[in-house]
Amino acid sequence: MTRYDLIVVGAGPSGLSAAAEAAANGLKVAVFDENARPGGQLFKQIHKFFGSKEHKAKLRGYDIGTELLKEAQEQGVEVYLNAVVAGLYADKEIVVRLGEKVAHFKGDTVIIATGASENMLTFEGWTLPGVMGAGAAQTMMNINRVKPGERVLMLGSGNVGLVVGFQLLQAGCELVALVDAAPRVGGYGVHAAKVARTGVPFYLSHTIVKAEGTDRVTGVTIGEVDSKWQVIPGSEKRFDVDTICIAVGLSSSTQLLKMAGCELAERAAGAGYLPVCSDVGETSISGLYAAGDVSGIEEASSAMLEGRIAGISAAGKLGFAAQEAVTARLATLTTALEALHEGMFAPKNRGKSVDKTEEGYDVSTNLLKKGYLADEEITKYPGVKSVSGIHPVIECTQNIPCNPCQDSCPKKCITVGGNIVTLPVFDEKAGCIGCGQCIAACSGQAIFLVNEDIGDGLAAVTIPSEFLPLPEKGERGAALDRAGNVIGTAEVTDVKSVKSFDHTNLVTFTVPKELGMRARFWRKGAAI
Amino acid sequence: MSANDRSREIGEFTAAPDDDMIVCRCEEVTKGEIRRAIHDGMFNAHEVRRFLRCGMGLCQGQTCARLVKAIVARELGVSQGELEDATGRAPARPIEMRIFASERGRDE
Numbered sequence: 001m002t003r004y005d006l007i008v009v010g011a012g013p014s015g016l017s018a019a020a021e022a023a024a025n026g027l028k029v030a031v032f033d034e035n036a037r038p039g040g041q042l043f044k045q046i047h048k049f050f051g052s053k054e055h056k057a058k059l060r061g062y063d064i065g066t067e068l069l070k071e072a073q074e075q076g077v078e079v080y081l082n083a084v085v086a087g088l089y090a091d092k093e094i095v096v097r098l099g100e101k102v103a104h105f106k107g108d109t110v111i112i113a114t115g116a117s118e119n120m121l122t123f124e125g126w127t128l129p130g131v132m133g134a135g136a137a138q139t140m141m142n143i144n145r146v147k148p149g150e151r152v153l154m155l156g157s158g159n160v161g162l163v164v165g166f167q168l169l170q171a172g173c174e175l176v177a178l179v180d181a182a183p184r185v186g187g188y189g190v191h192a193a194k195v196a197r198t199g200v201p202f203y204l205s206h207t208i209v210k211a212e213g214t215d216r217v218t219g220v221t222i223g224e225v226d227s228k229w230q231v232i233p234g235s236e237k238r239f240d241v242d243t244i245c246i247a248v249g250l251s252s253s254t255q256l257l258k259m260a261g262c263e264l265a266e267r268a269a270g271a272g273y274l275p276v277c278s279d280v281g282e283t284s285i286s287g288l289y290a291a292g293d294v295s296g297i298e299e300a301s302s303a304m305l306e307g308r309i310a311g312i313s314a315a316g317k318l319g320f321a322a323q324e325a326v327t328a329r330l331a332t333l334t335t336a337l338e339a340l341h342e343g344m345f346a347p348k349n350r351g352k353s354v355d356k357t358e359e360g361y362d363v364s365t366n367l368l369k370k371g372y373l374a375d376e377e378i379t380k381y382p383g384v385k386s387v388s389g390i391h392p393v394i395e396c397t398q399n400i401p402c403n404p405c406q407d408s409c410p411k412k413c414i415t416v417g418g419n420i421v422t423l424p425v426f427d428e429k430a431g432c433i434g435c436g437q438c439i440a441a442c443s444g445q446a447i448f449l450v451n452e453d454i455g456d457g458l459a460a461v462t463i464p465s466e467f468l469p470l471p472e473k474g475e476r477g478a479a480l481d482r483a484g485n486v487i488g489t490a491e492v493t494d495v496k497s498v499k500s501f502d503h504t505n506l507v508t509f510t511v512p513k514e515l516g517m518r519a520r521f522w523r524k525g526a527a528i
Numbered sequence: 529m530s531a532n533d534r535s536r537e538i539g540e541f542t543a544a545p546d547d548d549m550i551v552c553r554c555e556e557v558t559k560g561e562i563r564r565a566i567h568d569g570m571f572n573a574h575e576v577r578r579f580l581r582c583g584m585g586l587c588q589g590q591t592c593a594r595l596v597k598a599i600v601a602r603e604l605g606v607s608q609g610e611l612e613d614a615t616g617r618a619p620a621r622p623i624e625m626r627i628f629a630s631e632r633g634r635d636e
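As they're listed, the protein sequences go chains A and B. For the first sequence, the numbering used here gives the first residue as 1, with consecutive numbering after it. For the second sequence, the numbering used here gives the first residue as 529, with consecutive numbering after it.
Just chain A, same shape as in the assembly (with noise of 0.2 angstroms):
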C-alpha cells in the first residue's frame, strides 16, 4: 500500500486548489480522478469568471484550469487519471481502480472534492434520447465540440440554464425557450439578460408536461404553473424541438463520505444530506475532509477558495506549516471566500426574494421574470447616465460579486469599491476616452458604449460579441433591444478584436438616434 501525506479525490478546481495548497507547504500529494482530464468543470467553462482578482475574475474557466494544472504539477503533486475511487474506509484507505487493477492508498489526511451531478427530473418522455442534463450539452459542444441538437428547450433559469443556453446559441443551436417553474429567474440577471437581447423567450413559472418522440425527441409541450406547481389546464404550449435541456440543480457526490461514515446533515429543507464540517472543511471524521460542491453547491470560484482552505489546513494538522502561517493563509482565504458570500445571490439568501440592492434601488422586476431589463427604468441604475458624447453604460443592477471594471477604466471612470458587489458607479466627470477595455473586462457582457448622437439623426453603440462568425464592416443588419425585438436597421462600422479582450469582441454600429439607448444587439439579415 503506497502511503501519502494528503490524498486528494477529485481533480476539479477545489481538488487542484487543495492539493497545489498542501504541496506548497512540503506535503507528498497524490490526486486521483475518474476522468481521462483533470480540471474537472472547468474545461467547459468557455465564459470568463466573476469575482475580483483574487478569484482569477475576467478569466476564463479553461485558462484558470489550466493555470492550476500548472501550479499543481510545478508543486510535485501527483495527478492519478482513470483513477476511480471505490471505496473510502476508516483510517483514511481508499482503493482505487487503476487499469485493469485494483490498488490500495492511505493518506494521512484525505480531501473529497468530488463535486456534484446533475438532478434530473421525471415527465411523460423524460427518458427519450435527446433529453439530457444541461452539463451534458456544454460537455458535448465544448469539450467533444459536437453540437447536442438543433432546437433546444432549456428547462432552468439558474446560472447552469442561462450560461449552457447562452453557449448553445453560441454553437449555432436555435433556443426556442428558457423554462423555469419558479415565478422568477434564478441565475444573475445579466446572464439572463445576455440571452434575452438575442431574441430567446422566457417562460417563468411553466415546467414541462411531456416530452414527444418514438425514438427520439420531436417536440415538446410546457404548461403554466399555479401556486401548487399543477399545470393549469389550457396553459400548454407546445414546441418543436430535438434537444431538452434540464438544468434544475446539482446534487453533492456524498457517497465516499458516507461509506467513510461521516455525519451527513440536511443543512437547509431540500438541499439534501450534506457533511457536517468545521470552517476548514474538515468533517466529522479527523483529518478527512470536504472541499467544493461535495461539501455543498456553490461554483467554482468558492470551490476553489474551500479547496485551498482544507489543504492549508492539512498541512497545520501534520505539522508541516506553523500555526501562525495557518493562521495567517486562512484568513486571507477567508476573506475571499467571505467576498464570494455577499449580495443578492449569498448562500445566505437562498431561496429569499431580494427586492432592493444594498444601496436601495429597486431590483428590476422585469429582469426577474422576462430575463430583461425596460428600456424606461435603464436609467435608475449608477451605472447608466445618458450624457452627451462616449460614455459606458453599465447594465449591472444586481449585487454580484464582482469588479473588474473598476480595474479595466485606465481614466477611472467605474467604481465599484471595497465591497465587490456595490453596483458599479459610472462618472461622466472623468472623461470616457471609449477605449473598450470595460467591455471586454466585464464576464456579464453588460457594458456597452454608446454615444447618442454623433451627427446625421444617428448614435454609436460598441457591444461585446461572443459570436462568430464575426460581422464586416459596412455590413447591415438588424438591431435588437434587450428583449431581443428587432427595432431598426444596425450598419456595423468598426470590430476589434485585441488579444487583451480575450475573445469578447467590440462590434460598434449605428442606428437611428432614438435608438442609442435601446439597441443591444446585432443580428446578421435585414431587419424584419
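Derived by calculation from the structure, the hints in this document are not laboratory data. Glycine included, each C-beta is placed from N, C-alpha and C at the ideal position. One thing to keep in mind: the hints can contain errors.
Derived DSS-like pairs (lysine-lysine); straight-line CA-CA distance at most 27 angstroms [to be verified]:
no.	chain 1	residue 1	chain 2	residue 2
1	A	Lys385	A	Lys369
2	B	Lys559	A	Lys210
3	A	Lys258	B	Lys559
4	A	Lys317	A	Lys356
5	A	Lys411	A	Lys496
6	A	Lys228	A	Lys369
7	A	Lys380	A	Lys228
8	A	Lys496	A	Lys513
9	A	Lys228	B	Lys559
Far from chain B by the CB rule (all over 12 angstroms, computed), these chain A residues [stated by the list, open to error]:
no.	residue
10	Arg37
11	Glu54
12	Thr66
13	Lys101
14	Asp108
15	Glu118
16	Arg151
17	Ala177
18	Ser227
19	Gly296
20	Glu299
21	Asp407
22	Lys411
23	Val498
24	Glu514
25	Met517
Fit chain B to the known structure of chain A by using the hints.
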C-alpha cells in the same frame, strides 16, 4: 412520529396514470413499482433499493437517488429532509468482478 415508524398508516396502493414511467433507467424500475414497494413496507430509499435494485445499476443512483427519495417522501407524507439517503457502499462506481477478483493474487 419518525419517518421510519413502521406503524405509520399510509393506506392502500392506488394506481396512478404515471405508474409506468421509468425512474431508475439503469435497472428499469418504474414509478409504480417503487410506490408499490413502499406500500409493501419499504419505508426508506435504502430498503427500496435493496428490494428493487433501483440505484444499483451503472450510474449507482446518480440520477435516480433523489427521484426515489422524493417518491418515498410523497407516499409516506413526510418531507424529504426526514428521510435519510440510501447507505453509501463500495464500489462507489461499477467495477468489473474480474478486476476485483484479480486482487486475490496478492495474498497467495
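Check the non-interface label on serine 227 of chain A: least C-beta distance to chain B beyond 12 angstroms or not. 18 angstroms, holds
In terms of Cβ atoms, is chain B entirely out of 12 angstroms range of glutamate 54 of chain A? 33 angstroms, holds
Would you check whether the claim that glycine 296 of chain A is not at the interface survives, using Cβ distances to chain B and the 12 angstroms cut-off? 15 angstroms, holds
Assess, step by step, whether the Cα of lysine 317 of chain A is no farther than 27 angstroms from the Cα of lysine 356 of chain A, and give holds or violated. Given pair lysine 317 of chain A, lysine 356 of chain A is violated - Cα atoms ~44 angstroms apart, limit 27 angstroms.
Check on aspartate 108 of chain A being off the interface with chain B, judged by Cβ distance over 12 angstroms: Holds, because the least Cβ-Cβ distance between aspartate 108 of chain A and chain B comes to about 21 angstroms, which exceeds 12 angstroms.
Any Cβ of chain B at or closer than 12 angstroms to glutamate 299 of chain A, or is the non-interface label fine? Non-interface label stands for glutamate 299 of chain A: nearest chain B Cβ at 20 angstroms, farther than 12 angstroms.
Measure nothing beyond the straight line between the CA atoms of lysine 411 of chain A and lysine 496 of chain A; if it is 27 angstroms or shorter, mark the hint as holding. Cα-Cα ~20 angstroms, so holds.
Are all beta-carbon distances from alanine 177 of chain A to chain B longer than 12 angstroms? Holds, because the least Cβ-Cβ distance between alanine 177 of chain A and chain B comes to about 23 angstroms, which exceeds 12 angstroms.
Is threonine 66 of chain A truly not at the interface, in the sense that its beta carbon sits beyond 12 angstroms from all beta carbons of chain B? Holds: least Cβ distance 27 angstroms, greater than 12 angstroms.
Valine 498 of chain A clear of chain B by more than 12 angstroms, beta carbon to beta carbon? 43 angstroms, holds
Holds or violated: lysine 559 of chain B and lysine 210 of chain A, Cα atoms, limit 27 angstroms. It holds: about 16 angstroms lies between the C-alpha atoms, which stays within 27 angstroms.
Check whether the Cα positions of lysine 228 of chain A and lysine 559 of chain B lie no farther apart than 27 angstroms. 21 angstroms, holds
Hints 4, 7, 13, 15 from the earlier list are contradicted by this structure; the remaining hints agree with it.
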